[in-house]
Structures are given as C-alpha cells and as structure tokens.
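Student: Since the structure of chain A is already known, use the hints to place chain B on it.
Listed below, chain by chain, are the residues.
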Amino acid sequence: MRVLRAFESAGLEYVLIGAAAMAFHGLVRATADLDLFIRATPENIERLRTALREAFQGDPEINAISSEDLLGEYPAVRYAPPTGNLYLDVLTRLGEAATFETVEAEIKDIDGTSVRVATPAALYRLKKGTVRLQDQADAAALRERFNLKDEK
Amino acid sequence: MKNEMRVQKFRSIEEMNKAPEPASQEPPFERFVRLCAQYWAIAPKPYPRGVFKFRSIEEAQKARLKNSSY
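The listed protein sequences derive, respectively, from chains A and B.
Using our numbering, you'd call the opening residue of the first sequence number 1 and step up by one each time.
Using our numbering, you'd call the opening residue of the second sequence number 1 and step up by one each time.
One chain only, chain A, in its complex shape:
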C-alpha cells in the first residue's frame, strides 16, 4: 500500500499487471513481486524514482534506475528494496506490442488511493502466450472467471 500511495503522490503514470492486478479483480494468490508497466518518458521515470525514494526511505540504489536503460536496451528493471520481501518489476515494453499505452486499464480505489489496474482481458492477453507455468495458470483462471475468449 505504501508503494501504491507513493505512486499516486508522485503522479506516476503506470498500470499494475501480474498477481497484484489479479487480486483487484478477485483472483487472489500470493506473490513476491509487484509488476507494472510505466509510461516510457524521462519525466515519468523521474516520477518513478521519486515515488520509490518516498516509499523506501531514499534508498540510494534507486539512482541506478535510469531513463537511458528503461528507454533503451533494458526495458525491464527489477528493484528489490533494502528491507521486506516485495520486489518490483518495472517494464516499459514487453516484446513488440505491449506498453503502458497498449494495456487496457481501469481505475480501482483502495483506502482512498487510486490504482490503475490492467483489465482482466488485458491481463489474459499478457499471460496467455507466455511459457511460465504460473502465467498459464493465471490465464486459465482469468479465462474461466471472466468468460474470456481468444481473439482471432
């Protein structure tokens, strides 16, 4: 929650994907990571750093998150804070197609904090084609719960 509040406070443009997003849609399972797409602009990456500094007491490691990487050769950055078990997987793009702009999202409210969450259909599209067994299980659960069909 502290991280989500910090995202809102910094004005970060993001969309939550992964297990945390599934939880907002009622499909609850444990996880160790918080997955999100962020809008790929230098300003937004600065907002990400601001939010993480706020949430994790100014951890100096956060300075290693750079626009050059996220907008260039490294579209996936993992940040494991100095304490706790949660780590964050931040993506600017996934493969050729998926980005912040292409992932359909909706706003959810949790304790007064607005959270931008991928829709069940968007989560299904992200997960169904992957090789990871957990993603396949998630895709199956989403398809069944929301009666989703494969697009042609």
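Simulated from the structure, these hints should not be mistaken for laboratory data.
Only a predicted model underlies this, so the values are computations on that prediction, with no experimental measurement involved.
Ideal Cβ positions, reconstructed from N, Cα and C, are used throughout, including at glycine.
Accuracy of the hints is not assured; some may be wrong.
[As the list claims (entries may be wrong)] Below, in silico cross-link-like pairs of lysine-lysine (DSS-like), each with a Cα-Cα straight-line distance of 30 Å or less:
#	chain 1	residue 1	chain 2	residue 2
1	A	K128	B	K53
2	A	K128	B	K66
3	B	K45	A	K149
4	B	K45	B	K66
5	A	K128	A	K108
6	B	K66	B	K53
7	B	K66	A	K149
8	A	K149	A	K128
9	B	K53	A	K149
10	B	K62	B	K45
11	B	K18	A	K108
12	B	K66	A	K108
13	A	K108	A	K149
[To be verified] A partial selection of chain A residues facing chain B, derived with a Cβ cut-off under 8 Å:
#	residue
14	V3
15	A6
16	F56
17	V77
18	A80
19	N85
20	Y87
21	I107
Tutor: Chain B only, in chain A's frame:
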C-alpha cells in the same frame, strides 16, 4: 475477518474443483496483502537487494527462477 465456514461434501476431486470457493467478507486486495505477508513469513525468499536490468522479460524471468520456487 470473519469467514463463513461451512462443511461441503464432494463425490470426487472434479466435483470439488467445480464448487465455488467459500465467500470471503474481506476485500480481495486486502486478502491479497494478508496472504502475501503469510507467504513471505512461511517461505521467505531472500532476493539480492538493489536494481537489476534485463533486456527482455524472458531474461527477467530466468533471474526470478533462480531466486524462487515458482
């Protein structure tokens, strides 16, 4: 949190799997946070601290598998 605990009986595992899960009074995201906390307490997986960069999601997932059982 107060869950409604009822006994349900099934003739097979397939029948059990088809049954809806017992309804929880707890909002799903709060339940998620609580489950994660329990999971981390039962099976802590110390992850190397800091920032790690990956060229693709596949590369990121390989790194995750090194540090995780799922």
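Student: Return the numbers of the hints above that this structure violates; sort them in rising order.
Tutor: Of the numbered hints, 3, 7, 9, 12, 14, 15, 16, 21 do not hold.
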